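**Q** The primary structure of each chain is shown beneath.
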Amino acid sequence: MTNTISDIEKADVILVTGSNTTENHPVLSSFIKRAVTFRGAKLIVADPRFIQIAKFAHHWLRQKLGTDVAWINGMMNVIINENLYDHAFVEKRTEGFEELKEIVEKYTPGYVEEITGIPRADLTDAARMYAGARAGSICYCMGITQHTSGTDNVKSLANLAMLCGHMGVEGGGVNPLRGQNNVQGACDMGGLPNVFSGYQPVTDLAVVKKMEDAWGVSGIPSQPGLTVTKMIPKAHDGEFKGLYIIGENPLVSDPDLNHAKKSLANLDFLVVQDIFMTETAQLADVVLPAKCFAEKEGTFTNSERRVQRVRKAVDAPGQVMDDWKITAEIATRMGFAMSYGDSREIMEELAAVTPSYAGIDYDRIDLEGLHWPCPAKDHPGTPILHREQFTRGKGLFHAIDYTEPAENIDTEYPLFLTTGRLLYHYHTGTMTMKSEGLNERAPSCFVEISSHDAQTYDLEDGSMVKVESRRGDIHAAIKISEKAVAGTVFIPFHFAQAAANKLTNAALDPVSGIPEYKVCAVRISKAA
Amino acid sequence: MNDQGNITINGNAFSFEPGETILAVAGRNHIDIPTLCHLKGASPTGNCRICVVKIEKEKDLMPSCATLAEAGMVVHTESSEVVKARRLIIQLMLSTGNHNCAIRGTSSDDWTRFQMSVQAYDDSSELCPVWGDCRLQDLAYRYQVEPKRFSDAGTPYPMETVNPFIVRDFSRCIKCGRCVQACNDIQVNNAIQFGYTGSNSKIIAADDKALKDSDCVFCGECVQVCPVGALVEKDVRYRVRQWETEKVRTTCSYCGVGCQLYLHVKDNQVVKVSGVEEVAPNFGSLCVKGRFGYDFIHSPERLTAPMVKENGTFREATWDEALDTVARRFNEIKETSGSDSLGVLTSARVTNEENYIANKFARAVLKTNNIDHCARL
Numbered sequence: 460m461t462n463t464i465s466d467i468e469k470a471d472v473i474l475v476t477g478s479n480t481t482e483n484h485p486v487l488s489s490f491i492k493r494a495v496t497f498r499g500a501k502l503i504v505a506d507p508r509f510i511q512i513a514k515f516a517h518h519w520l521r522q523k524l525g526t527d528v529a530w531i532n533g534m535m536n537v538i539i540n541e542n543l544y545d546h547a548f549v550e551k552r553t554e555g556f557e558e559l560k561e562i563v564e565k566y567t568p569g570y571v572e573e574i575t576g577i578p579r580a581d582l583t584d585a586a587r588m589y590a591g592a593r594a595g596s597i598c599y600c601m602g603i604t605q606h607t608s609g610t611d612n613v614k615s616l617a618n619l620a621m622l623c624g625h626m627g628v629e630g631g632g633v634n635p636l637r638g639q640n641n642v643q644g645a646c647d648m649g650g651l652p653n654v655f656s657g658y659q660p661v662t663d664l665a666v667v668k669k670m671e672d673a674w675g676v677s678g679i680p681s682q683p684g685l686t687v688t689k690m691i692p693k694a695h696d697g698e699f700k701g702l703y704i705i706g707e708n709p710l711v712s713d714p715d716l717n718h719a720k721k722s723l724a725n726l727d728f729l730v731v732q733d734i735f736m737t738e739t740a741q742l743a744d745v746v747l748p749a750k751c752f753a754e755k756e757g758t759f760t761n762s763e764r765r766v767q768r769v770r771k772a773v774d775a776p777g778q779v780m781d782d783w784k785i786t787a788e789i790a791t792r793m794g795f796a797m798s799y800g801d802s803r804e805i806m807e808e809l810a811a812v813t814p815s816y817a818g819i820d821y822d823r824i825d826l827e828g829l830h831w832p833c834p835a836k837d838h839p840g841t842p843i844l845h846r847e848q849f850t851r852g853k854g855l856f857h858a859i860d861y862t863e864p865a866e867n868i869d870t871e872y873p874l875f876l877t878t879g880r881l882l883y884h885y886h887t888g889t890m891t892m893k894s895e896g897l898n899e900r901a902p903s904c905f906v907e908i909s910s911h912d913a914q915t916y917d918l919e920d921g922s923m924v925k926v927e928s929r930r931g932d933i934h935a936a937i938k939i940s941e942k943a944v945a946g947t948v949f950i951p952f953h954f955a956q957a958a959a960n961k962l963t964n965a966a967l968d969p970v971s972g973i974p975e976y977k978v979c980a981v982r983i984s985k986a987a
Numbered sequence: 005m006n007d008q009g010n011i012t013i014n015g016n017a018f019s020f021e022p023g024e025t026i027l028a029v030a031g032r033n034h035i036d037i038p039t040l041c042h043l044k045g046a047s048p049t050g051n052c053r054i055c056v057v058k059i060e061k062e063k064d065l066m067p068s069c070a071t072l073a074e075a076g077m078v079v080h081t082e083s084s085e086v087v088k089a090r091r092l093i094i095q096l097m098l099s100t101g102n103h104n105c106a107i108r109g110t111s112s113d114d115w116t117r118f119q120m121s122v123q124a125y126d127d128s129s130e131l132c133p134v135w136g137d138c139r140l141q142d143l144a145y146r147y148q149v150e151p152k153r154f155s156d157a158g159t160p161y162p163m164e165t166v167n168p169f170i171v172r173d174f175s176r177c178i179k180c181g182r183c184v185q186a187c188n189d190i191q192v193n194n195a196i197q198f199g200y201t202g203s204n205s206k207i208i209a210a211d212d213k214a215l216k217d218s219d220c221v222f223c224g225e226c227v228q229v230c231p232v233g234a235l236v237e238k239d240v241r242y243r244v245r246q247w248e249t250e251k252v253r254t255t256c257s258y259c260g261v262g263c264q265l266y267l268h269v270k271d272n273q274v275v276k277v278s279g280v281e282e283v284a285p286n287f288g289s290l291c292v293k294g295r296f297g298y299d300f301i302h303s304p305e306r307l308t309a310p311m312v313k314e315n316g317t318f319r320e321a322t323w324d325e326a327l328d329t330v331a332r333r334f335n336e337i338k339e340t341s342g343s344d345s346l347g348v349l350t351s352a353r354v355t356n357e358e359n360y361i362a363n364k365f366a367r368a369v370l371k372t373n374n375i376d377h378c379a380r381l
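Taken in order, these protein sequences are the chains called A and B.
Numbering-wise (the working numbering), the first sequence opens with residue 460 and increments by one.
Numbering-wise (the working numbering), the second sequence opens with residue 5 and increments by one.
Quick caveat, the hints were computed from the structure, so don't treat them as lab data.
Since the structure is predicted, the reported quantities are computational estimates derived from the model, not experimental observations.
Using N, Cα and C, we set each Cβ at its ideal position, and we do this for glycine too.
There could be a bad hint or two in this list.
[Said to hold, decoys possible] Chain A stretches covered by chain B per the calculated footprint, using a threshold of three residues with CB under 8 angstroms from any CB of chain B:
(1) 461-472
(2) 655-669
(3) 681-690
(4) 747-754
(5) 758-771
(6) 782-796
(7) 886-896
Based on the provided sequences and hints, a complete structural model is requested.
**A** Here it is, written out as structure tokens:
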């Protein structure tokens, strides 16, 4: 997030898109709901489903799946044509405006309606509302990123925010809501193929040298490595041979699961380190038991870049060890001596080689976390990014054209499928499904369908259906819901026994490598 | 400081901001005015009147939570008139519910009869489930109040126990309205409100349905703010007493909001979770997963020993065997197929320190940049 969570309450217009906020980020959604209910903020929700937060919206824009670039360009078309944009901001802080203007010219509200299905008047009103804000906050989540056009979608939102000058100000910003407790931290700490910790590029030889010196090694490669979505197919082809998986369960969360399973099975050696014998761990050659959050010391970095403490509350069961200790032990046994007294020592080392974390230590974040970048011990942290300038200097507008999703509906597979999470479960369910209460509230997989489609296919609420895509099929019960709109069904991906990801498309965004979980084509029939 | 701009509380002058309540000014200056219904972040209702104070030249006592500070105002927070009023309010509250916390000093027969009636209502012979963790009990002690007479479970409404998370005990509800505000003003889930009137009044969900059949999403904010024993976590009620637990502050391990929470620990077990109030990012709020989804920590399905696969099935191994196997196999693959045939999937679930070590392991030990995690998935 460019801004903080509390900051959302300071916005006077909030645009939520691709985020089922009340179910996936319930506590954050309260900030939005309070802003709307008690502070007079206006809310625009762009989402293909009539989700709970849409009930608070002044405008609910219901786009067809995978058409986000089109409606965002459409809003910018209105804003430029009606001269509602922030001239001073565009002039002083950005470049590439002419190219943007040129590309959005054809995205008239009428043309956008054809592509997205959003009525032209609604789009125009929403555009005026966002542009007219004193501070407009954009919140988005995987409904924006999990597309073959995911990177384009994100850039388009950034375009919109810059065009209206809603960047670097209180209550503004472009705010991705992180779905997992430490996704931010995993990225920050170099859990990415192209960067070391603090987003220091592996292609920068000076950085490579710095790391080699700090770690006392040589020969760190300066070519970016493989993303997870590239490792899997390479494992399938036999080119990729050994994988060390720490605390992830790709065999429920990966797209096109049948393919993913074959790929992992094809590895010469698979190590899985986890707290449970997950679907993925069952394929491993060696399984290493790790501590859960309640048993360890350390830090997580939340969505708003706030580094916060994790503290040990209980002893771990059996012979369970800290994840870092296990990794360090393997390193040592491979001939690279790695040893630390405790997690504090690791924090000191990482702060020394990571400029954005340089000022962070356990004492400073004991009571309240700090937002990175925090480059020095006397630096107060950075709650709001891009206040004076962008990381690259001037903000660059990206002129982006709409492209269709990788898979469209046709006569054979006539329904769109989109996937997501439920309030009562979390990701692949390895944690939440251990709570009887949560299971009671959300016991099993279902296919959310509009009453219109249920009628078309003659399906009763609760009846079992078979859902098929070009990649696989699952069985689940029908749930007729006002959240669904005609032509699109929704299936939560938590449930391994009816894994929605057997259906999803592994087509990737060419830049981010994120699969298109949010759009694929399916057909539905009564279960035999 | 200028007298014109000051308010005098208990003989001392204090400055204040426009729009600040007497309660807020007092709080800032460490003057403890007791409250019950007051909920930070919600607009004051003045419902319970326990925070009344004497303002000179005012005929009636005024609720300090809902009365704005004014220049020249002279306030007394513990005058005999104020204390008398508070005692009356507390006495009334104690007398109309199953407040069996043995703060009563009256005849044993009467106590026994009362205790039996409470037992009949909530099926426990123990004292109130929040004994020692109750705002009303605290105040009864502070002002040395006994109820005039014992009630006979002053509610026509049976307990609600049909959902997995929260027990609603209407016999201990003092109708302060904090839960209603928490639900409507803080979480904005709009699931509960005041229903019925007079002595039949009740906090209701929808048109008096069970929580599980209403819009309730079981965030448990109402439980956290309940100052008495009317709303208690089902797994905590009569199983865990506050004094048996230790609180450890940490960060929630579900979504990326990073809520600050307390793990309440008894005998090396997490037995309850509550939100850390007045601290960003969540200011005390949690969701159903963060508050009630902690069973996995002590699940019997947890992995407790390293496992190695032999002929397709797992068997337990020692750490030495497991770690040596991993190290040997990685070294072999590295030598025969090269570093880039190896990779690490680190985790969005583990700590920064652990991710940093995984990154160092991939780059410095395996000598590959093949490292990623499942943010993309």
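**Q** Now tell me if each hint is right for this structure.
**A** Evaluated hints:
Chain B is given as covering the stretch 461-472 of chain A, and this holds because 3 residues of the stretch bring a CB closer than 8 angstroms to a CB of that chain, at least three being needed. Residue count for the stretch 655-669 of chain A with a Cβ under 8 angstroms from a Cβ of chain B: 3. That meets the three needed, and the coverage hint holds. By the rule of at least three residues with a Cβ nearer than 8 angstroms to a Cβ of chain B, the coverage given for the stretch 681-690 of chain A holds, with 8 such residues. Here the stretch 747-754 of chain A counts 7 residues with a CB under 8 angstroms from a CB of chain B, which clears the bar of 3, and the coverage holds.
Counting residues of the stretch 758-771 of chain A whose beta carbon lies closer than 8 angstroms to any beta carbon of chain B gives 13, which reaches the threshold of three, so the coverage claim holds. Given a C-beta distance limit of less than 8 angstroms, the hint that chain B covers the stretch 782-796 of chain A holds, as 12 residues qualify and 3 suffice. Counting residues of the stretch 886-896 of chain A whose C-beta lies closer than 8 angstroms to any C-beta of chain B gives 7; at least three are required, and the coverage claim holds.
Hint compliance for this structure: every hint is met.
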